Amino acid sequence: MLSNIFLFTWEEKYLLHQELKRRTDNFVQKYWTDSLFVYKTDEFDLESLRQGLYSGWLFVQKRMIVVYGLPLDGDTSNRLSVSTVESFSNDFLERKGFIDPETILIFVSYKPDKRTKLYTFLKKELDSKTGIKEFWTLKTSELKQFVRQKSWNINLSEPVLDLFLTKTWSWLFHIQNELDKLVDWAEATQSFEILEKDV
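First residue of the sequence shown? That's 0 in numbering that gives the first Met the number 0, and the numbers climb one at a time after it.
Certain hints may be false.
Claimed, not checked - Calculated pairs, BS3-like style, for lysine-lysine (alpha carbon to alpha carbon, straight line, at most 30 Å):
| id | residue 1 | residue 2 |
| --- | --- | --- |
| 1 | K143 | K166 |
| 2 | K132 | K116 |
| 3 | K132 | K143 |
| 4 | K180 | K166 |
| 5 | K29 | K128 |
| 6 | K12 | K128 |
| 7 | K110 | K122 |
| 8 | K12 | K113 |
| 9 | K122 | K149 |
| 10 | K149 | K166 |
| 11 | K138 | K20 |
| 12 | K29 | K143 |
What the hints assert, rightly or not - Estimated spans, in silico, between C-beta atoms of each pair:
| id | residue 1 | residue 2 | range |
| --- | --- | --- | --- |
| 13 | L1 | S54 | 15 to 23 Å |
| 14 | K196 | T129 | 21 to 29 Å |
| 15 | A187 | T75 | 33 to 41 Å |
| 16 | Q17 | Y53 | 49 to 57 Å |
| 17 | D179 | P158 | 19 to 27 Å |
| 18 | E157 | K128 | 12 to 20 Å |
| 19 | D179 | D126 | 45 to 53 Å |
It is worth saying that the hints were derived from the structure and are not from the lab.
Fair warning: this is a prediction, and the values are worked out from it, not measured in the lab.
Backbone N, C-alpha and C define an ideal beta-carbon position, used for all residues, glycine too.
Sequences and hints are given; from them, build the entire structure.
Structural data, given as C-alpha cells:
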C-alpha cells in the first residue's frame, strides 16, 4: 500500500480544489513554500518532476508534489500529451510507485482514462478510502446544503433557493460566485431576507 501517494479525481472541480488547497495550505504552513512543487499541464516539465520524485535533496526533507494531468485525463483543460504520460508511467511503474517516504505525491486527474496502466496501478495499490479522493457532482439536496452553509448570514426560503439553483445550475464555482454577489448585495442593502425578485 502506497501511503504517501494520492489521486484526486472526478468531476466536481470546486470541491477537489478546495480539498487540495486545504492540504497544500496546511503543508506550507508546516514546511514552507520551498517544499511545495506544483506541475500544471501548461508548464509541465517531465525531467524536473522525475528529479523531484526520484533524487535525494540536500536541504529539504519533507516535500509535497502536486501533478496535474496524470493519469491521462479526459478533461481537455487538464490534458498532457500521451507520450509524456506514457514516459512518466513507465518510469513510475518500473519503480512500483516507490518514492521517498518523505515525499507526498498528489495526482490530479478530473476524468482519468481507466484503461491506462498508471490508473490501473493506482486503483489497485492505493487505499480506496484514503488514497483515492473522488469528488462527485452534488445531488440537489447536497447543493441546497452547500448554499445554506455558504450563505449562513442571509435567509433563503425553499422556493428562493430552488430558483437560485435553477439559475446557477450545479456548477459549484458558479454557485459560489453568484452567492458571493447575493451576500454582498444583502450586506449593502441591509436586507438579509432574499426574495425571488432579488435573485
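Hints versus structure:
1. For the proposed pair K143 and K166, the alpha carbon gap of about 13 Å is at most 30 Å, so the pair holds.
2. Our distance criterion of 30 Å between C-alpha atoms is met by K132 and K116, whose separation comes to about 19 Å.
3. Distance restraint check for K132 and K143: the Cα-Cα separation of roughly 22 Å lies within the 30 Å cut-off, and the hinted pair is therefore satisfied.
4. For the given pair, K180 sits about 14 Å from K166 by alpha-carbon distance, which is consistent with the 30 Å threshold.
5. Distance hint between K29 and K128 is fulfilled; the C-alpha atoms sit about 25 Å from each other, no more than 30 Å.
6. Restraint check for K12 and K128: the C-alpha separation of about 19 Å stays at or below 30 Å, so the hint holds.
7. For the suggested pair K110 and K122, the alpha carbons sit about 14 Å apart, so the restraint of at most 30 Å is met.
8. Between K12 and K113 the alpha-carbon distance is near 19 Å, which keeps this suggested pair within the 30 Å criterion.
9. A threshold of 30 Å between alpha carbons decides the hint, and for K122 with K149 the separation of about 33 Å lies outside it, so the pair is violated.
10. Restraint check: the Cα-Cα separation between K149 and K166 comes to about 17 Å, which is no more than 30 Å; the hinted pair holds.
11. A threshold of 30 Å between alpha carbons decides the hint, and for K138 with K20 the separation of about 23 Å falls inside it, so the pair holds.
12. Between the alpha carbons of K29 and K143 the distance comes to roughly 35 Å, so the proposed pair goes past 30 Å and is violated.
13. Between L1 and S54 the beta carbons are some 19 Å apart, a value that agrees with the proposed interval 15 to 23 Å.
14. Distance hint for K196 and T129: a CB-CB separation of about 47 Å, inconsistent with the stated range 21 to 29 Å.
15. Between A187 and T75 the beta carbons are some 39 Å apart, a value that agrees with the proposed interval 33 to 41 Å.
16. Checking the proposed 49 to 57 Å range against Q17 and Y53 shows it is violated: the Cβ atoms sit about 30 Å from each other.
17. Between D179 and P158 the C-beta distance comes to about 22 Å, which sits within the given range of 19 to 27 Å.
18. For E157 paired with K128, a C-beta distance near 34 Å fails the hint of 12 to 20 Å.
19. At about 36 Å, the beta-carbon gap between D179 and D126 misses the expected band of 45 to 53 Å.
Of the numbered hints given earlier, the model fails hints 9, 12, 14, 16, 18 and 19; all others are met.
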